[in-house]
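A.B. asks: Residue numbers (the numbering used here), protein chains in the order written: chain A, 1 to 302; chain B, 1 to 189.
Think of the hints as simulated: they come from the structure by calculation, not from any bench.
These numbers were taken from a predicted model, which means no experiment stands behind them.
Incorrect hints may appear among the rest.
[What the hints assert, rightly or not] Label pairs and their in silico Cβ distance ranges:
no., chain 1, residue 1, chain 2, residue 2, range
1, B, T183, A, K286, 31 to 41 Å
2, A, G272, B, S105, 53 to 63 Å
3, B, T183, A, P41, 45 to 55 Å
4, A, E111, B, R173, 14 to 24 Å
5, A, T174, B, T20, 32 to 42 Å
6, A, R222, B, G39, 45 to 55 Å
7, A, P100, B, Q179, 17 to 27 Å
8, A, E141, B, L107, 36 to 46 Å
9, A, Q117, B, W157, 46 to 56 Å
10, B, I45, A, R108, 40 to 50 Å
[Stated by the list, open to error] List of simulated lysine-lysine pairs, DSS-like, C-alpha gap at most 30 Å:
no., chain 1, residue 1, chain 2, residue 2
11, B, K169, B, K110
12, A, K285, A, K218
13, B, K21, A, K248
14, B, K169, A, K16
15, A, K218, A, K76
16, B, K21, B, K88
17, A, K223, A, K285
18, A, K195, A, K248
19, B, K70, B, K110
20, B, K88, A, K195
21, A, K223, A, K248
22, B, K70, A, K218
23, A, K218, A, K248
24, A, K195, B, K70
25, A, K76, A, K16
[Claimed, not checked] The following residues of chain B were derived to be distant from chain A, with all beta-carbon distances above 12 Å:
no., residue
26, E26
27, L49
28, R59
29, E64
30, R68
31, L98
Using N, Cα and C, we set each Cβ at its ideal position, and we do this for glycine too.
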Amino acid sequence: MQPSAKYLYYPGCSLKGTGIAYEESLLTTLRLLEVAVTELPDWNCCGATSYMSVSETSAALLATRNLALAQQAGMKDVLAPCNACYLTLRKSQELVAHYPEMAQEVERFLEQAGLPQLDSVRVRHPLEMLYTDIGVQRLRELTVRRLQGVRMASYYGCQAVRPYSEVDDPHEPTRMDEILRAVGVEPIDYTLKTKCCGGSLTGTIHEVGVRLNYILLKEALRKGAQAIVTICPLCQFNLDAYQAEIRKQTGEPIDMPVLYLTQVVGWALGGGFRELGLHRAISGKKLIEQWFTVKKEAETYV
Amino acid sequence: MERQIRYQREADLEWARQFTKHPGSERLLSCIQCGTCSGTCPLSIYMDLTPRQVIALVREGFREDALRSKTIWLCASCYSCSVECPQKIGITDIMYRLKREAIRSNLYPKRFPIPVLAREFCEMVRRHGRNSEFWVVFRMALRSNPFALFSMARTGWHLWRTGRLSLRKERIRRINELQVIPTVSKEVD
C-alpha cells in the first residue's frame, strides 16, 4: 500500500478472473506512467446488471459501500476499469443525487454499517483518466515503441459512454482513437464502436450473444482492422473467446486479436509481454506474438 | 375481437400511474411511440415484443403482458434506447423495474437462464460479498439447462489454459456491513 496513492483501484470480479490481463496491463501502464495506485481494501461486488434486476435499493446500497470505503480511505478518485462496475457505481451516485428517498436509504445504511457518509468521491474510468489526467500529448512523449502501420478498431462497448458522458461522447466517442494515434497505432473508422456486445448473454442465451459478437468482428474485419481494442473485460471476453465457434458456424476466417487499451498503451510505454497479460489471449495469438515480441534491435524506436 | 375486450378489462391504469413514480420512469406517459428505442436496440430482432411495444403495454396498464414478455430479460442494459429516446424516457430503468416485478410476482419464464442468473448472482453476493465468475455461471447452468455445461466446457478449457479461470470462491472480510442491507432497505422497488 502506497500512502501517496492518487487513485483507488476497484477491480470488480472480472479483473481478478477472466479479465486478469486487464488488471495486469492497467497496473503496469500506471507504473510506467509513475501514477500511484492502491487497491480499494475489502471492496465488494458492484452488483452488475443482475442485482439491479432483483432489487434497486439493495443494488444502490451495495455499490455505495465501495464508495464509502473510498471515503474511509480518504481518497477522492475510484478507478473502475470494468464498464459495468463503472456504470453501477456512477448510477448509485445519480440515484442518491436525484431521489431524496434513495439518499435517505443510503444514509441509514452507511450509519448502520458504521461507514462514513459520502462526500466527494469520484468514479473514474481508465480511458477518461488517461485522456484527462495524463493527456494525449504526454502519452505521445512517453511512447518508446510503435506498432507502425497496425490498424485497430477502438471498441467502447456500452456502459462506459452510456448513459453518462464523462468518459466520452455517448454518440460519437473519439478519445480512444486519439490515444491510439498518440502511441503509434492507426485507428480505423469503426461505426459499431458503441454497439452492445450482449454482455452476459453469451452465457445465457448463447446463440444471441455469439451472433452480436459475430457482427462486431465481421464489421471490424470489413473495415480493414487487424485487431479490436476494448476497455471492458466483458467485451474483451465475448469478442475473444468465441471466435473458434464463430469460425465453425460461419466458415469465415476470423482470428483477430482483442486487446485492452491498456495493453496497447502499456506496450508503447515499454511494458513487457507477460506483465501486460498479452499471453492470455485466446484468439489472434500469432499476430499478438508477432507484434509484441519483436526483438530489441528490430523495435522501431521513436 | 374477444381478445380486444379481454385486454381492456385487464388494463390497470392505476398500476401504470404508480409506475411513473419510480426512478427513470417519470416520463413514461409522454411516450410518442416513435419506435426509436426498438430501432436502436441491438436485441430487438430477437425479442418477442419490441421495446416500443413493451412501453405501450406498460403505459396502458397491461401489466401481465409486459411482465411475461421475454423482452425484459433480453434487455442487456446497454442504454442505447435511453440515450436516443427523444422524450427522455429511462427505458432501460423501466426494463429493470419490470424484471424486478416479474421475479417478485413469479411471472418469469421457468428455467429461462437470465432470471436464474440474476437470482444466483444476488444470492452469491449476499452471502459472500463478491461474485466468483465460474461458480455463478456453473450454478446458473445447473438450474436452467445442465446440458449447456458441455458446450461451455470448451470455453472453460481456453480460459483455464490462459490462466483466466479461477475456481476460488471470492469473499469479503466485513460481510456484516452488507448484511444490514435487507434490514435497512424498505425494498420498495
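A.B. asks: For each hint, tell me whether it holds in the structure or not.
C.D. replies: Each hint, compared with the structure:
no.	hint	verdict
1	T183(B) x K286(A): 31 to 41 Å	55 Å, violated
2	G272(A) x S105(B): 53 to 63 Å	54 Å, holds
3	T183(B) x P41(A): 45 to 55 Å	24 Å, violated
4	E111(A) x R173(B): 14 to 24 Å	20 Å, holds
5	T174(A) x T20(B): 32 to 42 Å	36 Å, holds
6	R222(A) x G39(B): 45 to 55 Å	22 Å, violated
7	P100(A) x Q179(B): 17 to 27 Å	25 Å, holds
8	E141(A) x L107(B): 36 to 46 Å	58 Å, violated
9	Q117(A) x W157(B): 46 to 56 Å	47 Å, holds
10	I45(B) x R108(A): 40 to 50 Å	44 Å, holds
11	K169(B) x K110(B)	28 Å, holds
12	K285(A) x K218(A)	18 Å, holds
13	K21(B) x K248(A)	49 Å, violated
14	K169(B) x K16(A)	11 Å, holds
15	K218(A) x K76(A)	41 Å, violated
16	K21(B) x K88(B)	15 Å, holds
17	K223(A) x K285(A)	21 Å, holds
18	K195(A) x K248(A)	24 Å, holds
19	K70(B) x K110(B)	11 Å, holds
20	K88(B) x K195(A)	20 Å, holds
21	K223(A) x K248(A)	22 Å, holds
22	K70(B) x K218(A)	28 Å, holds
23	K218(A) x K248(A)	14 Å, holds
24	K195(A) x K70(B)	21 Å, holds
25	K76(A) x K16(A)	23 Å, holds
26	E26	10 Å, violated
27	L49	16 Å, holds
28	R59	20 Å, holds
29	E64	18 Å, holds
30	R68	16 Å, holds
31	L98	9 Å, violated
Going down the numbered hints, you'll see the structure goes against 1, 3, 6, 8, 13, 15, 26 and 31, while the others check out.
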